[in-house]
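Enquirer: Sequence:
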Amino acid sequence: MRDFRDAKAMAQTLSEALNAKSVSLSHSESLELIARVLGFRDWNVLAARIQASQPVGAGPRNPTPEASPPPSSGADLPIFPMRDFVLFPQMTVPVFVGRDKTRRAVEHAMAGDRRVLVVAQRRATDDDPGSLDSLYPVGVTASVINCQTQVDGVLKVSVSGLQRAAILHLANADFLAAEVAPVEEQRGQSAEAAARSSAVLDTYQSYANIDFSSIQRRPKARLGLPSIGDPGVLADTLAPLLSISIEQKQQLLETSDVVARLEKILDLMKAGRPENRPEPTA
Numbered sequence: 246m247r248d249f250r251d252a253k254a255m256a257q258t259l260s261e262a263l264n265a266k267s268v269s270l271s272h273s274e275s276l277e278l279i280a281r282v283l284g285f286r287d288w289n290v291l292a293a294r295i296q297a298s299q300p301v302g303a304g305p306r307n308p309t310p311e312a313s314p315p316p317s318s319g320a321d322l323p324i325f326p327m328r329d330f331v332l333f334p335q336m337t338v339p340v341f342v343g344r345d346k347t348r349r350a351v352e353h354a355m356a357g358d359r360r361v362l363v364v365a366q367r368r369a370t371d372d373d374p375g376s377l378d379s380l381y382p383v384g385v386t387a388s389v390i391n392c393q394t395q396v397d398g399v400l401k402v403s404v405s406g407l408q409r410a411a412i413l414h415l416a417n418a419d420f421l422a423a424e425v426a427p428v429e430e431q432r433g434q435s436a437e438a439a440a441r442s443s444a445v446l447d448t449y450q451s452y453a454n455i456d457f458s459s460i461q462r463r464p465k466a467r468l469g470l471p472s473i474g475d476p477g478v479l480a481d482t483l484a485p486l487l488s489i490s491i492e493q494k495q496q497l498l499e500t501s502d503v504v505a506r507l508e509k510i511l512d513l514m515k516a517g518r519p520e521n522r523p524e525p526t527a
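The sequence shown maps to residues 246 to 527 in the numbering used here.
Hint data in this document are derived by calculation from the structure and do not stem from the laboratory. A portion of the hints provided could be inaccurate.
Simulated pairs of lysine-lysine, DSS-like, Cα-Cα distance not exceeding 30 Å [stated by the list, open to error]: (1) 494 <-> 515; (2) 509 <-> 253; (3) 494 <-> 253; (4) 494 <-> 401; (5) 509 <-> 494; (6) 253 <-> 401.
Computed spacing ranges between beta-carbons, pair by pair [what the hints assert, rightly or not]: (7) 376 <-> 353: 42 to 52 Å; (8) 369 <-> 417: 16 to 26 Å; (9) 490 <-> 437: 23 to 33 Å; (10) 372 <-> 451: 35 to 45 Å; (11) 443 <-> 419: 46 to 56 Å; (12) 390 <-> 414: 22 to 32 Å; (13) 443 <-> 373: 38 to 48 Å; (14) 375 <-> 439: 17 to 27 Å; (15) 444 <-> 376: 35 to 45 Å; (16) 454 <-> 357: 35 to 45 Å; (17) 375 <-> 516: 19 to 29 Å; (18) 357 <-> 417: 16 to 26 Å; (19) 419 <-> 502: 29 to 39 Å; (20) 371 <-> 391: 23 to 33 Å.
All residues carry an ideal CB built from backbone N, CA and C; glycine is no exception.
Put together the whole structure using the sequences plus the hints.
Expert: Okay, structure coming up:
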């Protein structure tokens with residue numbers, strides 16, 4: 246599956262797809278749109294993030310790479326339990342951490358490989374979710390990009406979603422951690438997924454009030470433009486933008502079949518428009 250390091254390939258796919266619709270979009274404009282879709286301010290910020298992610302001496306990333314190695318069962322990951330927020334793969338967001346246990350989870354992650362499990366809690370009012378019935382069963386492994394303490398003492402942590410993962414076992418000590426197993430996508434590269442992707446993109450134009458013919462004159466910076474190079478990426482790009490409940494977003498996260506996920510998104514886009522959402526907190 247593509248991730249933020251494949252931004253140039255995604256921009257090329259986007260440009261080609263829009264050209265097929267007789268919409269002209271330069272490569273630089275495609276890069277800017279992809280950067281916003283992936284949660285970055287602009288292409289310069291994303292380019293710096295890509296460069297920082299590459300080992301010293303490493304060459305450019307393969308345009309069509311294999312997915313990053315999934316977390317192996319038995320490896321406990323620090324948990325970020327989220328109130329009223331569902332993280333999706335490919336998504337980069339700031340998380341404001343106030344709870345002591347989550348702060349210790351951040352410290353543990355920063356001292357290691359920076360991987361965490363971001364998972365929504367079932368009840369936003371639960372200040373200490375420490376059992377399997379207090380969390381949803383599927384979350385997303387994520388990489389901690391950076392963290393800094395704000396003037397008010399709240400810790401701001403930027404995380405980038407990697408892959409769906411199911412919780413197998415919880416360890417509740419100084420901080421909450423989980424043994425996880427990767428959730429593999431199904432039918433992501435099927436003909437059915439490609440067909441649903443086209444329908445989803447067309448429907449999204451009406452849902453988000455995006456006029457592709459005017460992109461060059463008036464970029465829609467508020468919502469950006471979803472990637473269409475990979476059906477799974479398209480679904481996970483759109484899911485956070487839908488005006489639906491946390492439970493419905495969690496259902497989309499737990500739907501590993503890409504065709505079924507796209508069909509659910511098509512149904513959900515029949516009602517509502519994107520709304521302003523509060524910053525996620527852990």
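Enquirer: Hints first: check each against the structure and report whether it holds.
Expert: These are the hints, each one checked on the structure:
no. : hint                    : result
1   : 494 <-> 515             : 15 Å, holds
2   : 509 <-> 253             : 29 Å, holds
3   : 494 <-> 253             : 28 Å, holds
4   : 494 <-> 401             : 24 Å, holds
5   : 509 <-> 494             : 10 Å, holds
6   : 253 <-> 401             : 28 Å, holds
7   : 376 <-> 353: 42 to 52 Å : 20 Å, violated
8   : 369 <-> 417: 16 to 26 Å : 19 Å, holds
9   : 490 <-> 437: 23 to 33 Å : 27 Å, holds
10  : 372 <-> 451: 35 to 45 Å : 41 Å, holds
11  : 443 <-> 419: 46 to 56 Å : 49 Å, holds
12  : 390 <-> 414: 22 to 32 Å : 27 Å, holds
13  : 443 <-> 373: 38 to 48 Å : 45 Å, holds
14  : 375 <-> 439: 17 to 27 Å : 42 Å, violated
15  : 444 <-> 376: 35 to 45 Å : 40 Å, holds
16  : 454 <-> 357: 35 to 45 Å : 44 Å, holds
17  : 375 <-> 516: 19 to 29 Å : 36 Å, violated
18  : 357 <-> 417: 16 to 26 Å : 19 Å, holds
19  : 419 <-> 502: 29 to 39 Å : 38 Å, holds
20  : 371 <-> 391: 23 to 33 Å : 28 Å, holds
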